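All chains, full assembly: derive it from the sequences and hints.
2 protein chains.
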Amino acid sequence: MVEIDPWGQVNIKDYSRLCKEFGIEEFSNVLPFISKPSLYMKRGIIFGHKDFHQITKALKEKKDFVMMTGLMPSGVFHFGHKVVADQIIYYQELGAECFITAADLEAYLTRDIPLEKSREIAINEYLINYITLGLKPKKVHFYFQTNWKKEYNNLSKFISKKTTFNEIKNIYGDTNPAKLVSALTQVADILHPQLKEFGGPRPTIVPVGADQLPHLSFTRDLAARMKSEFNFISPSATFNVLIPGLEGGKMSSSKPESYIALTDSPEIVEKKIKKYAFSGGQATLEEHRKKGGNPDVDVSYQWLRMLFEPDDKKLEKIYNDYKSGKLLTGELKEILIEKVNSFLKDHQKKREKAKKQVNKFLIKD
Amino acid sequence: MVEIDPWGQVNIKDYSRLCKEFGIEEFSNVLPFISKPSLYMKRGIIFGHKDFHQITKALKEKKDFVMMTGLMPSGVFHFGHKVVADQIIYYQELGAECFITAADLEAYLTRDIPLEKSREIAINEYLINYITLGLKPKKVHFYFQTNWKKEYNNLSKFISKKTTFNEIKNIYGDTNPAKLVSALTQVADILHPQLKEFGGPRPTIVPVGADQLPHLSFTRDLAARMKSEFNFISPSATFNVLIPGLEGGKMSSSKPESYIALTDSPEIVEKKIKKYAFSGGQATLEEHRKKGGNPDVDVSYQWLRMLFEPDDKKLEKIYNDYKSGKLLTGELKEILIEKVNSFLKDHQKKREKAKKQVNKFLIKD
Numbered sequence: 001m002v003e004i005d006p007w008g009q010v011n012i013k014d015y016s017r018l019c020k021e022f023g024i025e026e027f028s029n030v031l032p033f034i035s036k037p038s039l040y041m042k043r044g045i046i047f048g049h050k051d052f053h054q055i056t057k058a059l060k061e062k063k064d065f066v067m068m069t070g071l072m073p074s075g076v077f078h079f080g081h082k083v084v085a086d087q088i089i090y091y092q093e094l095g096a097e098c099f100i101t102a103a104d105l106e107a108y109l110t111r112d113i114p115l116e117k118s119r120e121i122a123i124n125e126y127l128i129n130y131i132t133l134g135l136k137p138k139k140v141h142f143y144f145q146t147n148w149k150k151e152y153n154n155l156s157k158f159i160s161k162k163t164t165f166n167e168i169k170n171i172y173g174d175t176n177p178a179k180l181v182s183a184l185t186q187v188a189d190i191l192h193p194q195l196k197e198f199g200g201p202r203p204t205i206v207p208v209g210a211d212q213l214p215h216l217s218f219t220r221d222l223a224a225r226m227k228s229e230f231n232f233i234s235p236s237a238t239f240n241v242l243i244p245g246l247e248g249g250k251m252s253s254s255k256p257e258s259y260i261a262l263t264d265s266p267e268i269v270e271k272k273i274k275k276y277a278f279s280g281g282q283a284t285l286e287e288h289r290k291k292g293g294n295p296d297v298d299v300s301y302q303w304l305r306m307l308f309e310p311d312d313k314k315l316e317k318i319y320n321d322y323k324s325g326k327l328l329t330g331e332l333k334e335i336l337i338e339k340v341n342s343f344l345k346d347h348q349k350k351r352e353k354a355k356k357q358v359n360k361f362l363i364k365d
Numbered sequence: 001m002v003e004i005d006p007w008g009q010v011n012i013k014d015y016s017r018l019c020k021e022f023g024i025e026e027f028s029n030v031l032p033f034i035s036k037p038s039l040y041m042k043r044g045i046i047f048g049h050k051d052f053h054q055i056t057k058a059l060k061e062k063k064d065f066v067m068m069t070g071l072m073p074s075g076v077f078h079f080g081h082k083v084v085a086d087q088i089i090y091y092q093e094l095g096a097e098c099f100i101t102a103a104d105l106e107a108y109l110t111r112d113i114p115l116e117k118s119r120e121i122a123i124n125e126y127l128i129n130y131i132t133l134g135l136k137p138k139k140v141h142f143y144f145q146t147n148w149k150k151e152y153n154n155l156s157k158f159i160s161k162k163t164t165f166n167e168i169k170n171i172y173g174d175t176n177p178a179k180l181v182s183a184l185t186q187v188a189d190i191l192h193p194q195l196k197e198f199g200g201p202r203p204t205i206v207p208v209g210a211d212q213l214p215h216l217s218f219t220r221d222l223a224a225r226m227k228s229e230f231n232f233i234s235p236s237a238t239f240n241v242l243i244p245g246l247e248g249g250k251m252s253s254s255k256p257e258s259y260i261a262l263t264d265s266p267e268i269v270e271k272k273i274k275k276y277a278f279s280g281g282q283a284t285l286e287e288h289r290k291k292g293g294n295p296d297v298d299v300s301y302q303w304l305r306m307l308f309e310p311d312d313k314k315l316e317k318i319y320n321d322y323k324s325g326k327l328l329t330g331e332l333k334e335i336l337i338e339k340v341n342s343f344l345k346d347h348q349k350k351r352e353k354a355k356k357q358v359n360k361f362l363i364k365d
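Protein chains in written order, with the numbering used here: chain A, 1 to 365; chain B, 1 to 365.
Please note that a few of the clues may not be correct.
Stated by the list, open to error - Computed Cβ-Cβ distance ranges for the label pairs, DEER-style:
1. S228/B / E120/A: 20 to 26 angstroms
2. E120/A / S252/B: 50 to 56 angstroms
3. E120/B / T164/A: 50 to 56 angstroms
4. D346/A / S228/B: 45 to 51 angstroms
5. N166/B / N124/A: 37 to 43 angstroms
6. T164/A / E21/B: 30 to 36 angstroms
7. R225/B / E120/A: 25 to 31 angstroms
8. N124/B / I34/A: 51 to 57 angstroms
9. P214/B / P37/A: 56 to 62 angstroms
What the hints assert, rightly or not - Derived coverage of chain A by chain B (criterion: at least 3 residues anywhere in the stretch with Cβ under 8 angstroms from a Cβ of chain B; other residues may be distant):
10. 105-114
11. 161-172
12. 178-188
Said to hold, decoys possible - Derived contacts from chain B toward chain A, CB cut-off under 10 angstroms, selection only:
13. Q145
14. N153
15. N154
16. K157
17. F158
18. K161
19. T163
20. F165
21. I171
22. Y172
23. N176
24. P177
25. N231
26. Y319
27. G325
By construction, these hints were calculated from the structure, which means they are not laboratory data. Computed from a predicted structure; not experimentally measured. Where a beta carbon is used, it is the ideal one built from N, C-alpha and C, also for glycine.
Shown next as structure tokens:
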């Protein structure tokens, strides 16, 4: 197993190396062929892909395609999760049929989270925020791994025929029966939209974080091995960099100082950014004015680039001003605080309305 | 893995050794406590058990209990299969709720049998013969592993959390992901009737052939490990000797000379017994009259004892006459041929009526 974890600072060179190691394409190669690229695409937040041309082709020829991704219901919904949520909505707006799995089985098998707890988190934290961010009920299947159709369950078992313990071990490292069952279920999550009961073989885009890379490679291999029986088209995928945690390390639901939740209050936001956000500034004001800061390692700047400042010119000015020492760390943090709280004020208001729509997305038992 | 396969000649001493090795009780110990023992019980065809007292207790106290067993849909239904079928019906008549799994998933994963083929065999060979032998639709769940409720599927995955690769390897020997998934599914087959969705924790009797012994031990261990979460009662089990094949080796669906199918014609029955049935007689008529035959290794005699001669006195006379040389091998075979064909004439007539009842047993999709 290749160590992809943790992603502390964002260093695009590491991602380039990753592309080479896993044989994935740099996203910049397909960018010119996308008519309406998202900000994540343009800014290189989405840095790599597999077979994205299948999606551009489907879009060009106005053919059906699927967006498939999942969530691990393990805590509050924070800005790290927003990156995938925005991509779901992006593909829905382009016409994709969306399959979103709430990985309650995996949460139970690998993290001991009870199913009821998973259900609550998946709905209250994830689904409601998806809706608030713009997800519409049309052509969306938001399902739980323990509560989905039998053909999906059967597929997760059929897959066992096409792999070996050694392969699983090479991909997932130290493993056990529960991890194996989780892995087989995840493969079924990605491939089942192509079963005839769910719409048949179609190009599928799987937008995921860079940490899912080995898993996607495995699934694509299995799709090829099952082609004669199921006629699967190997799923396409994009890989996004992981948003750095406030302190510069990995953003983690179990470390509140590493993230800002979409339910955090303005006071909490201000406090977290002021107290924890890793700075690329100098030790003293005088030194900063003289030598300038380093926006490439400054988390406030990275968050603006990745999440909060869509205007390239404004972003460039911030970059240059910080680098020259004109913009101080405190001032940069204030820009971020203002942006985050402005976003959250609107989001949290819309969230109340979104709550009422939840039932449109849930499968009746 | 202990080698339990193949069972050639029936030698009760081997089964006794097996009881000791696997820590199972000899069935004769509980026989006095059963008010209406079956012929299989009285004759020692059912030679061992685990926790059968839970069943005698449920019967005595008129409490609910479950009968659970399965079939591997891999060929024609022959007299080897009848032993389990008769036990299913025996427990149904005692009031058990019956769960019968058609192991189509396992047939696909471990023997490459397509699901449609399994379905056809399970219904035409097994279910129709069960009905002909006396199975009634009341309180029977005849289901396919790929077409049963989600709680059952989920259980088969939850079980993965409670075992290790080493344990699986020790029990099943050389293994792979498909065999692991099959094993977990089989455990769910046995335990799921105790989920609240299927009636809750109750004593369960699993009547199986001796070859299923390691699997039952594994399932009982898992039931104990899952007790705190699911309140499972460890399933009880009985183990029957395997009916010897005509030639004295293992009876196998893939070797027509080893079995008599319940659909065989009188001519085929006569031909198979005359040509193939392993004899305990002497090489010449003269020698046989002088030295006598050996009924303990004679397959015709064993089939009479196990399947076709319920009258102890008549059986004893046949035994003694054969042993003394009074009864010749040809004559013994004629007795068996007459018994088999008499049974099959009646069975095959009733079978036509049974066909019309099939739909009462099948789950609507």
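Hint by hint, here is what the structure shows:
1. S228/B / E120/A: 20 to 26 angstroms: For E120/A against S228/B, whose Cβ atoms are near 22 angstroms apart, the range 20 to 26 angstroms holds.
2. E120/A / S252/B: 50 to 56 angstroms: holds, 53 angstroms
3. E120/B / T164/A: 50 to 56 angstroms: violated, 31 angstroms
4. D346/A / S228/B: 45 to 51 angstroms: holds, 47 angstroms
5. N166/B / N124/A: 37 to 43 angstroms: holds, 40 angstroms
6. T164/A / E21/B: 30 to 36 angstroms: Distance hint for T164/A, E21/B holds at roughly 31 angstroms.
7. R225/B / E120/A: 25 to 31 angstroms: For E120/A against R225/B, whose Cβ atoms are near 27 angstroms apart, the range 25 to 31 angstroms holds.
8. N124/B / I34/A: 51 to 57 angstroms: Given about 55 angstroms between the Cβ atoms, the range holds.
9. P214/B / P37/A: 56 to 62 angstroms: Holds - the Cβ-Cβ distance for P214/B and P37/A, about 58 angstroms, lies within 56 to 62 angstroms.
10. 105-114: With 3 residues closer than 8 angstroms to chain B, the region 105-114 of chain A meets the three-residue bar; holds.
11. 161-172: Since three or more residues must qualify, the claim that chain B covers the region 161-172 of chain A holds, with 5 doing so at under 8 angstroms.
12. 178-188: Our answer is that it holds, as 5 residues pass the Cβ test (under 8 angstroms) against chain B, meeting three.
13. Q145: holds, 9 angstroms
14. N153: holds, 4 angstroms
15. N154: holds, 5 angstroms
16. K157: Holds: closest Cβ of chain A sits about 5 angstroms from K157/B, inside 10 angstroms.
17. F158: holds, 7 angstroms
18. K161: Constraint on K161/B satisfied, holds at 5 angstroms.
19. T163: Constraint on T163/B satisfied, holds at 5 angstroms.
20. F165: holds, 7 angstroms
21. I171: violated, 12 angstroms
22. Y172: At about 12 angstroms, which exceeds the 10 angstroms cut-off, the nearest Cβ of chain A leaves the hint on Y172/B violated.
23. N176: holds, 6 angstroms
24. P177: holds, 4 angstroms
25. N231: Result: violated, 16 angstroms to nearest chain A Cβ.
26. Y319: violated, 49 angstroms
27. G325: Since chain A brings no Cβ nearer than about 56 angstroms to G325/B, farther than 10 angstroms, the hint is violated.
Violated hints, in rising order: 3, 21, 22, 25, 26, 27; the structure is consistent with all others.
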